[in-house]
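Participant: Based on the sequences and whatever the hints tell you, model everything.
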Amino acid sequence: MSKNERYIYRTHGVCPPEIHFQVQDGFLTEVRFIGGGCPGNARLVSRLLKGLPVEGVMEFLRDIECRNETSCPDQLFKALSDARNGALHPAHSFDVYEDCQPRKSIALIGELGGRLDILQRLVEAISRENVEISYCLGNLTGHAPANKDLLEFLRKQSVLAIQGDLDWCYSQGTEPAGFPSLDQKERDDLFLLPHLLSFQLDGKKGIAFFGEYVQRMTGFSDFDPFALEINMVSSLTQFFKDETVFPALEVMVPQFQAQIILFSQPKEWGHWQVGGANFISVGPAATARGLNWGLLGGNGDKIHFEIMQLQD
Amino acid sequence: MAESVRVLPQNIQDMMDVREWDMRTREGIQRFRELRAKSLPSIALDNELVYEAIIPGQEDLSAEIRRRYEEKNRE
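One line per chain: the protein sequences are F and B, in this order. Each residue of the first sequence is one higher than the one before, starting from 1 at the first, in my numbering. Each residue of the second sequence is one higher than the one before, starting from 1 at the first, in my numbering.
If you are wondering where the hints come from, they were derived from the structure by calculation, not from laboratory data. None of these values were measured; they are calculated from a predicted model. The beta carbon of each residue, even a glycine, is placed where N, CA and C say it ideally should be. Hints are supplied without guarantee of correctness; some may be wrong.
To be verified - Residues on chain F that point at chain B, a partial pick, calculated with CB under 7 Å:
hint, residue
1, D222
2, P225
3, L228
4, S235
5, T244
6, V245
7, P247
8, V251
9, L310
Claimed, not checked - Far from chain B by the CB rule (all over 10 Å, computed), these chain F residues:
hint, residue
10, E30
11, E129
12, K148
13, Q273
14, I307
Facilitator: Set out below in structure tokens:
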């Protein structure tokens, strides 16, 4: 069986700006219209097409007009045609957002769990510090009923967020039973968040990711950009629970692209320096000791990291 | 490390099957953890971690492989 390839097509003239689809052995295994349009119809089309051969569905998609002499099905036809003739290349399994602005100081926010009140307090506290930008490593969502309000608030802030594992489940419509529901728009908003963030801090390359769910994503390759860092943190050290493998990690670090690696799956704060790289576990925003965020700064050759606490 | 195995004399090569694991891959990491290895490079013989963080000399490695081969074939 061949690899399940994932594609992202930027549309023209229709409401959804992107179509994401996956093809394996000539069959569509996933189709999703992202970011606009008629969500009900789009989901129906996705369900109808899933599992069908690409060649078989194309004749039904082409030359349907809705607006601007094209339509969502017509755009999907173009996307599939481009994928078939090689004009559209498979996307990496996970999305990387590059913060192009070199930074001197970054605020780190861990799991919010849908707590808008906590995010608001953190944003206010961070605004009083000399911080250029905030990164939120997920999970944004949680059991709290304010998931939707939190996402709306987040959009208006200068916070770059990535998907945590629960956010990813929400974006796929596979959140665990008992969690509050979300509208399709919020699910799409989560879906469009990157899975990994790359940045520059005082001349050092850094990455931020949530945890091991990234390795489970369709088409994840051990040779994707930053996959080595993800594998070393998630699989080798098991999120720095196993210090006995640090000698092996030290041998592997020179092959890293990044010198600062942030992650948040363990849900506790931690900082390790191994082989010249800095590994930082970003803990949850709320702990028994109060509210927390991390202050990450560059100071010449050294990285400065501090856990900042607010009292409840 | 792999080179130190590849250059062993042919009579030693005939006693074994060699498998190399890439530590960049999840499969390689899993094998590394199964062997309870701690550092790199490492050599396991008969699923037992024998050399860790060192590259053994050809004589040492040949002798250890021969010893194990003879022990198994004595029975």
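Participant: Check each numbered hint against the structure and report the violated ones by number, ascending.
Facilitator: Checked against the structure, the hints that fail are numbers 2, 9, while the rest are satisfied.
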